[in-house]
Amino acid sequence: HDSLTGLPNRRYLDQVLEDYAADARRAGLYAALLHIDLDRFKHINDTLGHAAGDAMLVHASTVLRSKVDGEGFVARIGGDEFIVLCVVDDDIEQLALLADRVISQMREPVYYQGHRCRFGVSVGIAVDNGKDVEAKHLLVNADIALYRAKSRGRNRYEFFTEAMQSEIVDTKRIADEILGGLERNEFIPFYQPQFDAKTLEIVGVEALARWRHPEKGILAPDVFLRIAEELNVVSIIDRNILEQSLLDLEGWTAANLHIPRVSVNVSARRLQDEELIKSLRELNIKKGTVSFELVESIFLDENDDFVTWNLEQIKELGIDVEIDDFGTGYASIVSLLKLQPRRLKIDRQLVIPIVKSPQRRQVVSSIIEIGKSLGIEVVAEGVETMEHAQTLKTLGCDILQGHAFGHALDADGLKAFVRSRRLRTERVLDEPLRLGRV
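Per our numbering, the sequence shown runs over residues 1 to 438.
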């Protein structure tokens, strides 16, 4: 048994689980398992000390005992993790009611030496399906359901489902493929061109991460980004995209293609990398040829001295700073004054409706005016039609990006795109001369 709470421990649970499930089946019932994890327990432990944490664990064990009330048993299987094992008939709604009662009771404040402590619980629920499967799989399934409950906001319960199992298997498979893909350099940049709003000349490209999957072809970030974040490899993908973009930029220059600048996305985590500036110095980036696009959430870290220092060093290296997806998150005018980015990019959610919505058009106009007053160039993404382009030009936007002008292309595709535009331009310019000679 657990010495602190007096509850059965993990070893005891492992010993009785199989028999418990078998007895339930013989009685025409089903074993059910609730995996309970305390939310914010670490915060209490860290701020008030281990004695306070122990008091919370004892309180939690008392609550769980009272809610089970002899209809099953409670075990403590880890630091702040508990198991409730009970039996149910075909009506699993009673498990939902039990979970609700536990969650509700655990929300109540607990007093410890004059301190008002609050914590909650997340609950994963698994029910024996009566098939010839080892009962210990209940623990695995309840753990999967618990993970889902935590990922959806905590202080809630989730039932294990077969779909959840499939999702876990798929996530594991994709995670393995991502790691393998990094080893095989499968993550590559695709480039979407950016155009001067007045002249429609190409003024740069945005490098967008794509996964050249050996079986599924080109995959966009919505397939891999979340799992890459969980694997903590987004910074590696960012770095690979930057290095490949620099090589492609050299190739375009050698081919006499005028692409002045490439913009690359940089994650907030990479801005916290102590090796970032050293690795950038080694790349010998030519001033003004590279721009780092930062998501607006970077403003949440603006009080982080190290991030601020990294940003200043990035500028010192001649790399421009842009704010991506402006207008949807955390940026303020004060933040813009502090960071002083070279450009800000208006999010497509604001741009797309401007041809039909006077209100959205006014919002975009205001953002452009703010940019101009602060000396910041304004880029609009989501320019889907020439009507969008004309409206944005009239409003004073500097740079346009979107499907009205070009989709994201690989390096060779972009090279062909730029050459075809040049040929069309030369034909148009040459036409009056040719006609004059006839």
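It should be emphasised that the hints constitute simulated quantities derived from the structure, not laboratory data. Incorrect hints may have been included.
Within a straight-line C-alpha distance of at most 16 angstroms, the following computed EDC-like cross-link-like pairs (lysine to aspartate or glutamate) qualify [to be verified]:
1. Lys286 <-> Asp320
2. Lys216 <-> Glu243
3. Lys136 <-> Asp320
4. Lys356 <-> Asp320
5. Lys287 <-> Glu312
Q: Please flag the earlier hints that this structure goes against, numbers listed from lowest up.
A: Numbers 2, 3 and 4 - these are the hints that the structure violates, sorted from lowest upward.
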